[in-house]
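Enquirer: The lines below spell out each chain.
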Amino acid sequence: MKLRTYILLVCISIFSLIAFGFDGPKAQQRERPNPRQGQVILSDLPELNAGLPFRLETPRYKEGEVLVKFKPEVTEAKVNTLMAIYGTRSLKKIPRIDVHEIEVPRGLSVREMVALLARNPDVEFVEPNGVVRICVTPNDTYFKYQYALYNSGQEIGIPGSPRGKQRADIHASEAWEETRGTEEVVIAVVDSGIDLLHPDIKDKLKSSGRDIVNNDFDATDDLGHGTHVAGIAAAATDNNEGIAGVAWNCQVLPVKVIDKEGSGLYSWVAEAIVWAADNQAAVINLSIGGDEPSETLKEALRYAYQKGVVIVAATGNDSGPVLYPAAYDDYCLAVAATDYNDTRPEWSNYGSEVDVAAPGVRIVSLVPRWYFGPDSFPYGYGTGTSMAAPHVAGLAALLKSHKPWLKAREIMDIIRYSSDDINATQYPGRDNYLGYGRVNMEKALVPIKIKKPKG
Amino acid sequence: MKKNLAFSLGIVFLLIAFASLSAQTPRETEPFRLNFRLGLEGEMFKRDLTYGEDESVSPLNSYFSTLRLELESGGYVISLFGGFASSNFNTLVFRGLPFSIEFEGGGLSGVVFGAELSKVFLFNSFGVGGQVRVISYSGNEKKWAIPELAVEGELKSKPSWQQFSIGPVLVYNKYENFIPFAAIQYNRLSGEFSLRELVENLTGEEKKEVKGRGAVSFSLGANFLFTSRFGLRGEASILPHKGATDWSLNVRALFSF
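Chains A and B, in that order, are what the protein sequence lines are. Sequential numbering of the first sequence, starting at 1, is according to the working numbering. Sequential numbering of the second sequence, starting at 1, is according to the working numbering.
Mixed in with the good hints there might be a few duds.
[Unchecked claim] Calculated cross-link-like contacts (lysine-lysine; reagent style DSS-like; alpha-carbon spacing at most 30 Å):
| hint | chain 1 | residue 1 | chain 2 | residue 2 |
| --- | --- | --- | --- | --- |
| 1 | B | Lys-156 | A | Lys-451 |
| 2 | A | Lys-452 | B | Lys-207 |
| 3 | A | Lys-403 | B | Lys-211 |
| 4 | A | Lys-449 | B | Lys-142 |
| 5 | B | Lys-143 | A | Lys-403 |
| 6 | B | Lys-207 | A | Lys-451 |
Keep in mind that the hints were calculated from the coordinates and are not lab data.
Using the sequences provided together with the hints, build the complete structure.
Expert: Structural data, given as structure tokens:
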């Protein structure tokens with residue numbers, strides 16, 4: 001355990017140095033052009049992590065805690081008696097799904113406590129309190145092109161960068177002709193919070209959200225990840241400033257479950273999902289994931305799903321199996337990543353749970369205003385399935401706006417079936433790498449022409 | 001619309017009543033006689049349709065060919081007809097399905113049935129009267145593949161429309177084998193187009209209620225009597241409405257028995 005904690009601390013320190021220590025001072029010293037003057041914004045910032053998606057190493061679960069759900073017939077009084085018998089106490093009960101966060105008594109490991117409680121006939125399930133992590137960190141500040149929305153074959157980055165393949169994008173421009181969404185539809189971004197005063201999203205926020213990490217109602221982002229994710233899904237659009245969000249007119253509800261070090265607990269995520277579902281979210285974006293399966297997460301997902309919420313989750317960036325909650329296929333749309341050439345980056349996680357893919361390489365979006373230092377240009381590049389998922393969440397919000405009668409399952413199916421099978425030559429049909437393919441907003445939203453067959 | 005219908009009905013009834021009174025005496029002496037005519041009829045028309053809450057406009061192009069039976073007695077003509085039809089409901093947009101559809105499937109075949117009642121009273125070289133006609137088209141159900149989806153998808157289309165027209169007719173009866181006529185009609189067309197969508201486990205059905213734009217048509221036509229037993233009839237109509245003018249052409253060839 002000590003070794004793991006040590007490794008975690010080292011990783012977090014390295015991450016913090018890279019993310020904040022290196023770039024912040026540099027950014028403060030650099031003169032940045034004013035985007036309002038229509039200048040091309042260039043950046044000589046080095047790419048973090050050699051342009052690869054950042055992979056934060058985290059423990060699989062939190063020590064000293066387990067999650068327990070008692071059977072429905074077990075009364076509160078009996079729960080308290082059981083706690084006393086086991087020499088423990090409930091730290092918190094997640095509302096609606098009635099899962100208790102329980103302290104592990106001194107001298108017992110998490111696994112031992114899980115094994116002990118699992119034998120109790122009053123327990124429906126017990127599991128460790130898993131740890132989710134972000135799947136990416138923004139890594140550059142070159143603002144101009146959003147190839148993911150419309151790929152004209154432009155250079156992806158500073159002059160001399162590789163060029164994208166024409167129309168290797170999600171066909172957003174065509175879809176916006178059909179709908180730009182309504183503000184009644186709310187996308188909950190369950191992440192590290194949002195820079196609530198960022199000029200390119202502040203007017204899109206439904207409220208200051210919920211901070212599960214610090215247990216208050218101010219979901220201010222102290223990491224940067226959530227702001228980037230939220231910008232992709234629904235930055236203020238057509239406002240002569242910054243970037244375009246996929247869901248032009250939809251609102252954003254920040255829910256903070258990732259701390260400033262880039263990780264959070266399953267119990268926080270479960271609570272956030274339930275809270276978002278109870279607070280008018282029509283779509284929940286989860287650009288986070290953990291390695292451990294979890295009944296608690298599943299219960300929360302089921303609760304939201306049954307309330308009609310479309311849940312979109314990133315598959316992860318480890319070249320490995322799909323992370324949780326994305327792996328809960330019945331309730332989540334699991335989103336893998338593609339790049340500006342419509343190919344799969346090797347780090348995008350794969351498995352039978354992958355539903356669709358969306359651009360996730362060098363995606364420009366918002367970063368908190370403090371991220372690169374005072375008065376810096378609050379935009380940057382990010383890479384990872386974290387960036388892919390909010391494209392799909394934005395599409396889900398537009399579908400919900402355009403056809404409010406659709407159920408969550410139907411919206412998920414429309415997104416799946418309207419995708420472009422971009423790797424059909426290699427893997428025709430649905431496959432474990434890109435699922436049904438890269439999402440295509442035009443096919444999902446714009447009327448499909450049915451023509452008289454020729455001949 | 002209701003005003004137009006009432007106006008047309010009023011004119012028809014007035015004309016028939018006036019003509020009946022004027023022509024009463026000679027008709028009472030006529031012996032009862034039933035004439036049969038059998039023939040073929042073809043009609044094509046273009047009609048703008050409106051549908052949906054936003055009153056979207058879509059053209060309907062239709063043609064039909066029917067077998068027509070006419071029974072005539074005492075100046076009254078009752079006609080029954082039925083046959084095949086094709087109706088082209090181009091550019092109908094369905095946004096109530098899981099995948100929105102813009103239908104441009106071309107002509108959809110089906111069957112058409114109808115009936116017509118007319119009466120003309122003759123006064124020297126002129127005749128006045130009225131006619132009323134109902135037609136009903138029922139298209140065959142047709143399957144369509146939904147293109148470009150990641151999975152196979154299918155649509156089933158089922159169109160139908162009904163047309164009702166009524167109005168006065170003015171006939172010029174001076175020539176022996178050529179009888180021109182003019183008519184004004186209240187003309188109402190309504191219908192329904194349903195699409196059922198099936199994409200894996202996604203299903204949806206949307207029915208579009210369609211309604212013809214405009215309500216009053218103007219027609220000119222003529223009967224050509226080639227022999228005492230064979231004649232041709234042609235009629236051209238226009239139906240002006242806001243922004244456009246719809247039209248129809250009708251031709252009949254009839255043999256008397």
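Enquirer: Hint by hint, say whether it matches the structure.
Expert: Hint-by-hint comparison with the structure:
no.: 1; hint: B:Lys-156 <-> A:Lys-451; result: holds, 13 Å
no.: 2; hint: A:Lys-452 <-> B:Lys-207; result: holds, 20 Å
no.: 3; hint: A:Lys-403 <-> B:Lys-211; result: holds, 24 Å
no.: 4; hint: A:Lys-449 <-> B:Lys-142; result: holds, 16 Å
no.: 5; hint: B:Lys-143 <-> A:Lys-403; result: holds, 24 Å
no.: 6; hint: B:Lys-207 <-> A:Lys-451; result: holds, 19 Å
Every hint from the earlier list agrees with this structure, and none is contradicted.
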